[in-house]
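With the hints as a guide, bring the two chains together.
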Amino acid sequence: MPIYDQSYRPYRGIFSSHTTRWWTITRTGVLHFLKGRKFLVFLTLTFIPPIVQGFMIYGAHQFPEQKLVTVDAEFFRRMLEIQTVWFLVLGIYPGTGLISNDLKGNAIQLYLSKPLTRIDYVAGKFAILATFLLGVTFVPGILLFFLELGFSSDTKFIMSYWWLPLSFAGYALCAATAWGLIVLALSSMSKNSRYVGIMLISLSFFSSGMAQFMRGIFNRDGIIVISGTDSLKLLTYLFFGGVSEYGDHSFGAGVALILMSVASVFILRARVRAVEVVT
Amino acid sequence: MIVEVDKVTVRYGRMTALDSATASFPVGAVGLLGPNGAGKTTLLKVLLGFLSPTSGRAQVLGLDVARNPLDVRQAIGYMPEVDCHIPGLNAVELCAYAGELCGMPRTEAIQRAHEALYYANLGEARYRPVETYSTGMKQRVKLAQALVHGPRLVFLDEPTNGLDPKGRIEMLELIRDLSRKKNVSVILSSHLLKDVEETCSAVVMLAKGKVVRQGSIADLKKAALDLFEVRVKGDPESFTRAIEARGAKWKPMNDGLMEISLLNGGGSETVFRAAADSGVQIRHLTRRAPTLEDVFARAVGAE
Chain A
1 MPIYDQSYRP
11 YRGIFSSHTT
21 RWWTITRTGV
31 LHFLKGRKFL
41 VFLTLTFIPP
51 IVQGFMIYGA
61 HQFPEQKLVT
71 VDAEFFRRML
81 EIQTVWFLVL
91 GIYPGTGLIS
101 NDLKGNAIQL
111 YLSKPLTRID
121 YVAGKFAILA
131 TFLLGVTFVP
141 GILLFFLELG
151 FSSDTKFIMS
161 YWWLPLSFAG
171 YALCAATAWG
181 LIVLALSSMS
191 KNSRYVGIML
201 ISLSFFSSGM
211 AQFMRGIFNR
221 DGIIVISGTD
231 SLKLLTYLFF
241 GGVSEYGDHS
251 FGAGVALILM
261 SVASVFILRA
271 RVRAVEVVT
Chain B
1 MIVEVDKVTV
11 RYGRMTALDS
21 ATASFPVGAV
31 GLLGPNGAGK
41 TTLLKVLLGF
51 LSPTSGRAQV
61 LGLDVARNPL
71 DVRQAIGYMP
81 EVDCHIPGLN
91 AVELCAYAGE
101 LCGMPRTEAI
111 QRAHEALYYA
121 NLGEARYRPV
131 ETYSTGMKQR
141 VKLAQALVHG
151 PRLVFLDEPT
161 NGLDPKGRIE
171 MLELIRDLSR
181 KKNVSVILSS
191 HLLKDVEETC
201 SAVVMLAKGK
211 VVRQGSIADL
221 KKAALDLFEV
231 RVKGDPESFT
241 RAIEARGAKW
251 KPMNDGLMEI
261 SLLNGGGSET
271 VFRAAADSGV
281 QIRHLTRRAP
291 TLEDVFARAV
301 GAE
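Residue numbers (my numbering), protein chains in the order written: chain A, 1 to 279; chain B, 1 to 303.
Please keep in mind that the hints were generated in silico from the structure rather than gathered at the bench.
Among the hints, erroneous ones may be present.
Computed Cβ-Cβ distance ranges for the label pairs, DEER-style [to be verified]:
hint, chain 1, residue 1, chain 2, residue 2, range
1, A, Ser202, B, Thr291, 28 to 36 Å
2, B, Tyr127, A, Ala263, 40 to 48 Å
3, B, Asp83, A, Val89, 28 to 36 Å
4, B, Arg106, A, Val89, 25 to 33 Å
5, B, Arg180, A, Val265, 45 to 53 Å
6, B, Met253, A, Ala270, 53 to 61 Å
7, B, Lys166, A, Ile198, 26 to 34 Å
Covered stretches of chain B, as calculated for chain A (at least 3 residues, CB under 8 Å) [claimed, not checked]:
hint, region
8, 27 to 37
9, 48 to 56
10, 66 to 75
11, 97 to 105
12, 269 to 282
Virtual Cβ for every residue (Gly too), placed ideally from N, Cα, C.
Next comes chain B alone, as it looks inside the complex (with noise of 0.2 Å):
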């Protein structure tokens, strides 16, 4: 495990924003995902020891962050979601000056500095003032900020904010690059489930400060839920009365479909007994392979 939290509660006055959250992330690429407030961000701060735990610890690549800090942030980089730069100086000259500041030599840093900026897609532009950028540019000078001293594990939260179409694709195909190519782990903050799904093979989810599910993105799903698409010809409310009955939710779809999601399992012949016992016919049934979506809505729904 590349990092493991263990009973972390962090309050702010009266507010929870972490509550005894347990987690362990395992090399590769994790999300952390979860509505806005879930404490995603709450975390990462933990992590990177700008935050105290109120109790709890954490540890990032076997190093007690409460004690060693300043070791874990030499090993890791993170790219912070609010935009941020230090004014007056161009990309070249912000990366160059974040790997001194992380202790390599000043012509290690510039020439780290450029790879960075080349890997991130730059290019030319990286003797511009940061200031100048574009959202997107930003972003990807953030990232690059973040490599330029080599971490075996980077933080990125919501590293796809304000980018385009275009600069989100190119944006996971770093993030992709980075943990299946470079050897590098990722732990990416977002409340963006397509770009956890599409970049992350495994993923943490929190809800209201606390962690509500866990682990691989495939085995989550293969646990997740039975969904079925169905269609009954007779009266659909007692057909829902009847599944409702059955601790099943359903929810309407396009053409007379609805979609049925079986809580606590039992198959299709749950189906089958509701349509039987409501007196309606069957006219349609699928089984559908449940989305990260359908996992993050089952479980942050349970909390």
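If we strip away everything but chain A, and leave its shape as in the complex, we get (with noise of 0.2 Å):
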């Protein structure tokens, strides 16, 4: 029968389970930015330092002799603490206006009017940013990883890193998860997603600024955690060994995200509702 043709009739259909509702919003959010033209050529452009590391390892098997780059533990942490700048763009476009377009077009109170939960909103709204994070931190460690093992003409490679897919994924989640819930408490604090980039940004640059002002004070190194973007660039130390500039401070940058991502957890608690009530 011809669209047209059709009237309101009941739906004798199925519905899926309560369960699986996050993903609708994670899918369509998805989706929904992977149209734009300007976001693939900037998700194009978050590959181009990983091609470039993919070509060094190409190098460093080409021409050994060289000695152009060692291909280990430390070469994966530098190339994800590079791919972590890309937090940052991210988290703008297209974290910030994740909720608070929402809050501006009063959409929250037509989400949660469906059979949804808070819990599955910000769940939905969470895995969108979460899986572009992932796209530039764990996919091109991954990739890099393999292609280094398809490279190599002995075991010694897989032998002394089997290890390192668990870290990309391990440092890949936590950072994920830390800096996704940073933007989106962020997010839901305002109706207008330019002053939540504006905040991104000031709160990024102004934590890092004082972390360093205060480094510098009280001549303690460890002060650093409390800058959000550099306690990210410290976790890979976590994951994959070794020690930062600042010495070993990467449980702390850990703990530091753990705190920041609570904090987040409280404030999207208070901020995502259907119903706003003043008393």
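Structure below.
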């Protein structure tokens, strides 16, 4: 029957389980952003550093006598540290608008009038950002790992660094979780995504500047963990070994990120509501 | 009964939005009436599971709202009062998305979105981004997204807000069609008595957070009050004093007529006795059928 001949009729089909509703938000959100040409260009740009590193791996195997680069855990850690720079950009777009645009359009009430919980809503939105964050960390990391494995003529590399995929996964998950929650919490604090973007940039640069300033005053390197972006970089040492220029503060960075994530969850809990109760 | 509310109290800090409200909503179209701030939207939000009542319980389609909020929201549709849309989506995408959020498969959701939008008279405009719509069109999209998953019951919160006269008539026609021909029960929250009278068969009236009247509109009108239009010859002031002494209320009308509401009953005999006591002649006396407005005014006035 053509659509124009159809009137309203009861729906007699099936409904999926409640537990997968968050995925609808994630899938729709990810596809929505991937439709944007500018965003696709940006995502392509994020792969330039790993591609360069891919050529370095190639060069290291083709011209071993030149000793261009040593492909070890530090090589991959550095790759992730570079990729973490994209977190700020992804936090600004698409991150800042994820909840603030819904607040602007009063859409949260619309979402929560469906059979969704607040956790489903936040999980769905979080997974949109997490997908892109994992896409710029875990995906290139694991691809480079397999590239190196493909070029290796013996088992030395795999015997020494078999744990690297786990480290990629561990770091990418922890970093994406912490950063995703921080960005979502900021996004829930204003109806204007531009303000959220400004807040995110200010917070990132201000906390980093403040951390360096306090480090200078108190002469304690550990203070650097108060900066979210610096903590993300320090966290790479927890998963890949080594010591940063500030000393071994990777565990402190992990604790700082956990605290920031917990604070973000509390903000989201307070801000994501179907009704705004003013007493 | 499709909805039952039992002694529900909702407090926001010191303010009591719902005060031990008890009501039953029968199948069909039921109006939720009340002046602004009466607690209508609060009651709907309790029924949707958005707000937890301070005390009391509510059941929707036999489901306890506090225990099964997701099952309740699966079975119902909600058209919010405020302007709301998901930025960046056109009407088809928004309605299909709403269907998917209710658990419908994507292809079914898209087909139902088209049907619901056609039903809501959005036609070809359905491919435009929702933020570019007029108020009336946004109201239609809100209705369509509430219907897309085929609910048995829809909550419509002030659905005619911001509509021009033509849009209002079309919206009321849709609501009538839903409840009478499509077998979808409707709870219509409004402060517009005329909208409720034109679409609903029953009503629940709220004032200051309390349920002040409920039942079928026909029964409420019947049991409402004796209403008379009266013109007297003589001193009208002594007549109004005499009629007030008999527990009646009056208000002036055009042409020297006055409307008399006999709160304690008694019929035309009460009017004649008051006239005799005050020494005036009755020159005109007709009984007037009470409107929903009369019922409402009396219910709210009593509160």
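We went through each hint and held it up to the structure:
no.	hint	in the structure
1	A:Ser202 x B:Thr291: 28 to 36 Å	violated (60 Å)
2	B:Tyr127 x A:Ala263: 40 to 48 Å	holds (42 Å)
3	B:Asp83 x A:Val89: 28 to 36 Å	holds (32 Å)
4	B:Arg106 x A:Val89: 25 to 33 Å	holds (31 Å)
5	B:Arg180 x A:Val265: 45 to 53 Å	holds (48 Å)
6	B:Met253 x A:Ala270: 53 to 61 Å	holds (55 Å)
7	B:Lys166 x A:Ile198: 26 to 34 Å	violated (44 Å)
8	27 to 37	violated (count 0)
9	48 to 56	holds (count 3)
10	66 to 75	holds (count 4)
11	97 to 105	holds (count 8)
12	269 to 282	violated (count 0)
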